[in-house]
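Just need the whole structure built from these sequences, with the hints factored in.
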Amino acid sequence: MDIFSGLLSGFQIILQPINFLYCFIGVFIGTLIGVLPGIGPTGAMSILLPTTFGLSPVSSFIMLAGIFYGAQYGGSTTSIMVNIPGEPSSIVTCLDGYQMARQGRAGPALGIAAFGSLIGGTFSIIALMFLAIPLAQIAVAFGPPEYFSLICMSMVLSVYLARGSFVKAIIMIIVGLLLSTVGMDLVSGRPRFTFGCGTLIDGIGLVPAAMGLFGVSEVLMNLEGSLEQTILKAKIKNLLPNLQDWKRSIGPIIRGTLLGFPLGVLPGGGAIIASFVSYSVEKKISKNPEAFGHGAIEGVAGPETANNAGAGGSFVPLLALGIPPNVVMALLMGALIIHGVAPGPLMIKQHPEIFWGVIASMYVGNAMLLLLNLPLIGLWVKLLKVPYRILMPLILLFCVIGSYSINNNVVEVVIMIVFGVVGYILRKFDFEAAPLMLAFILGPIWETSWRQSLIISEGKFSIFLEKPISCVTLAFAAFLIITSGLKYYRKTKTKVIIE
Amino acid sequence: MKKYHFIPTFFWLGLSLFVMMFSYRLGLGGFHSPGPGLTPFLLGFLLLLISLYVLIKSLLEKERGDETPREGQSRTNYGKIGLVLVALFAYSFLLERLGFLITTWIFLFLLFRSMGNRWMTTWVASTSTVLATYFVFTFFGVRFPPGIFGLGG
Amino acid sequence: MKKRIFKGVLCISIFFAIVCASFNSSWSAEKKYPLRNIEIIISFPPGGPIDLQTRILAKYLEKELGVQVVPINRPGGGGSLGAGILASSRPDGYTLSLMAQSSIIMPVLLKEAAFSIEDFRAIGQVVAPPPVVFVVSPDSPWKTFQEFVEYAKKNPGVKCGHPPVTTTAFLKMSYINKYANLKLIGVPFKTDPEINVAIMGKHIPIAMSGVAALRGPLEAGKLRVLFSFNPATEIGDIKLDPATPDFESFFGKKPRFDLATYLWAHSKTPDEIIEILKRTLEKVEKNPEFDNDLKKVGYRARYVDGEIVMKEVMPDSVAFIKEILTEIGLMK
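Chains as they are written, first to last, in the numbering used here: chain X, 1 to 499; chain W, 1 to 153; chain U, 1 to 332.
Hints may contain errors.
As a list, the in silico EDC-like pairs of lysine to aspartate or glutamate whose alpha-carbon atoms are at most 20 Å apart [said to hold, decoys possible]:
#1 W:K80 to X:E224
#2 U:K178 to U:D237
#3 U:K154 to X:E458
#4 U:K190 to X:D430
#5 U:K178 to U:E327
#6 U:K111 to U:E323
#7 U:K183 to X:E458
#8 U:K202 to X:E458
#9 U:K268 to U:D305
#10 U:K143 to U:D237
#11 U:K322 to U:E112
#12 U:K111 to U:D316
#13 U:K202 to X:E466
#14 X:K349 to U:E219
#15 U:K111 to X:D202
#16 U:K295 to U:E219
#17 U:K239 to U:D291
#18 U:K63 to U:E275
#19 U:K159 to X:E466
#20 U:K159 to X:E458
#21 U:K59 to U:D291
#22 U:K278 to U:E62
#23 U:K268 to U:E118
#24 U:K159 to U:E147
#25 U:K63 to U:E285
#26 U:K63 to U:E39
#27 U:K32 to U:E62
#28 X:K349 to U:D237
#29 U:K278 to U:E312
#30 U:K153 to U:E327
#31 U:K32 to U:D271
#32 U:K153 to X:E458
#33 W:K57 to X:D430
#34 U:K63 to U:E289
#35 U:K295 to U:E285
#36 U:K32 to U:E64
#37 U:K178 to U:E323
#38 U:K278 to U:E39
Quick caveat, the hints were computed from the structure, so don't treat them as lab data. Bear in mind that the values here come from a model prediction, so they are computed numbers and not experimental data.
So, in structure tokens, the structure goes:
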């Protein structure tokens, strides 16, 4: 079945009323989930999974998939409005999106996030159609050494996330990596740094940590001064991005899609790495990198596009190989299996209606999401006008419920508060949370890949250079370090000369 | 070049030593069979090196008289911050004892009031928020702890 | 005087009324369990084998019991977090969990559990031992398990991938490794799909993996199975070559132990409730549709009464797992 007839049949499927309805339900719930903290797409999908038992496999998959990529749209909303990432892939959006909101430009930020998400999402579907099988082969080529090198490179890039000094960013990365070792060790099964606390046995939760580090610390910062200031005083300018915004964003959007999709394909990678890498790349190639971190729209356009492209990309291994690259995909795979369908290379042949039905549903879903999210921008912007003295307790409650609701565990709330304090202290001393967060998220994969590689090579470090992909990636990372090192050195030299 | 404060540097130094000590105890294994403590140990060591570098650099700068005074600080409202933190910890402690509805209401009431809202606003905001969040989140399948009278479970 | 007598009669009647009411309510509790939703804890992340088995079981339990049986994922600590939650839950029959016995035994033996084995009571075995298999890539030099065994013995240190130390697949791999003296070096992976990718990409030559995640790639010929711990017939709908050797056919005798999934409740749950659950479970197990649903995910139903589990299977498993853990150095 060639692509066009396949797509046509897919559209016939999605336009059936029941599938159309479930697509809408899926993306709607997904958006809500993305906005609400704590409950992520995985949680919502597993709650709704039993309701799909009575449905056909196609309808179930369409709805569950909708929840997933819908959440990528909603997650940026709270990041921009109150510096609280609704989804881990929206953490980077906090950096510039929130600053834009503080400057009264929440509307354009939300708008460009929505449009970027649409473009990234749609492009990834197209790529999915044409490139699924060849890309899957590339995904398989990544083993432990390749992962290690890839993540090393991501971390080098992430130093660019920082606004300030490199040394501080490096310290933050190390601390982030250390924090990620808390919990049960994969290789030996022994708990590390848990100090007897049962909740920590699976590590520090990402959601409480992110909400504390970004959301709560922001609240604490705002409480410092008088209550008059903060976000809302800046006059809310237009609601949508203007021509200049678009001009600045078109490059990041294109680059975001190109970067995001392949990164999403890699198992373990996904939307999160895509967003971080996009931000770092944009900052590095920008003509005025100092604007980043202070409301540069490129810092919103790129990552938001990348994370949606990445979400689309993560369907590739599942649909083409039957291998779920992350937890969400694993759940989708479980759902398919329960319905008697085995995802894998044969699925396209045996159940073309599922493959094409889902692809068509993604087009429709993304369009629905844009229509849903755009009018909401007006609503969100109005919310921002609420005085901070009313908004603040709500924000805190939001974070608290979010942390609690993951596991019905109060300890998670305490973790969040602790991270809030830590985040606050760090900011007072000019350290930044973003590199820490990235290192924290990537830490487990990084460490596991490293140890697996050493076990496979029996202790020889040369394995990282022997494998071609790994070698190239490390060389690139080294290149980045050297070039920035040179720049830094030259800058200091000039400073001394001036003095 | 940013000015480095001493407090965080000493903190990182202490932390790196602590980490190295604990990870050593966990067991380093060998490179052919990395143990649970190996990665944290190496990371701690790296942190140690960097903090030493920063420390030495700052000491050198100080000798050169490079101290720029901190920008004039307006009096920071640590009181408010402290109050919020106390409220947060208290909430965590009481949530499972008193139940969601009661604890959240008290939490919100205290915070709204401390932010300078009028009594009426505080009452209305607290009550409506508690009810709204209860229903919205319960709809999504989140379960809250039942209160002492079995309320709001 | 009349007033006094009246008061006395009133008090005694109230007393009797209360006594009768409490009798009634305890009878009604027995008759009417379950009165509200039951939670069933899944100690592993969604989409995994235990998750799938539990959701299918929950569907059928719901039909029989008439209340919602809500599966809740509480992954962590390789299964010990969920077990801990069950151990500290109220013993009223409204919290259950589906686990392999290793999820309970291993944390206790490794002294990292907040619970003890006596905190749990098995209602019954639910699923036949989850099959685990040795997989290789299609162009691997070993065409049969026999070839592999011979190679491994001559070349100690073959790298073999496996899921985390706390899983049944790992325990079974260690068992075969020791039993057949294969001298394998284990490469740990976090999930079965990661293992499949590593095999397909030829990053490791062989691995032991659960069967549920295998189906797609296997049917497409991207992976090959050399050996299955349990007979191919027990592996549900996943079509293995019937000539694939299993433990008994290859080594000539049944494996000394096996790990299966059981339904657990808190040990202090009242006997009446346990009885109701047992009868319900037995009914579900006998339902051919239940077996069919399990087959779709690569498993088969098998029922064994909880008493047998507690009296025979558990002590056996404890002794056995202790042996393996000491052998691989996790226990002193």
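Quick rundown of the hints versus the structure:
no. : hint             : in the structure
1   : W:K80 to X:E224  : 8 Å, holds
2   : U:K178 to U:D237 : 30 Å, violated
3   : U:K154 to X:E458 : 18 Å, holds
4   : U:K190 to X:D430 : 36 Å, violated
5   : U:K178 to U:E327 : 8 Å, holds
6   : U:K111 to U:E323 : 15 Å, holds
7   : U:K183 to X:E458 : 14 Å, holds
8   : U:K202 to X:E458 : 17 Å, holds
9   : U:K268 to U:D305 : 18 Å, holds
10  : U:K143 to U:D237 : 23 Å, violated
11  : U:K322 to U:E112 : 14 Å, holds
12  : U:K111 to U:D316 : 19 Å, holds
13  : U:K202 to X:E466 : 15 Å, holds
14  : X:K349 to U:E219 : 12 Å, holds
15  : U:K111 to X:D202 : 17 Å, holds
16  : U:K295 to U:E219 : 16 Å, holds
17  : U:K239 to U:D291 : 16 Å, holds
18  : U:K63 to U:E275  : 17 Å, holds
19  : U:K159 to X:E466 : 18 Å, holds
20  : U:K159 to X:E458 : 10 Å, holds
21  : U:K59 to U:D291  : 13 Å, holds
22  : U:K278 to U:E62  : 14 Å, holds
23  : U:K268 to U:E118 : 9 Å, holds
24  : U:K159 to U:E147 : 16 Å, holds
25  : U:K63 to U:E285  : 13 Å, holds
26  : U:K63 to U:E39   : 15 Å, holds
27  : U:K32 to U:E62   : 15 Å, holds
28  : X:K349 to U:D237 : 19 Å, holds
29  : U:K278 to U:E312 : 18 Å, holds
30  : U:K153 to U:E327 : 18 Å, holds
31  : U:K32 to U:D271  : 14 Å, holds
32  : U:K153 to X:E458 : 18 Å, holds
33  : W:K57 to X:D430  : 17 Å, holds
34  : U:K63 to U:E289  : 12 Å, holds
35  : U:K295 to U:E285 : 13 Å, holds
36  : U:K32 to U:E64   : 13 Å, holds
37  : U:K178 to U:E323 : 11 Å, holds
38  : U:K278 to U:E39  : 16 Å, holds
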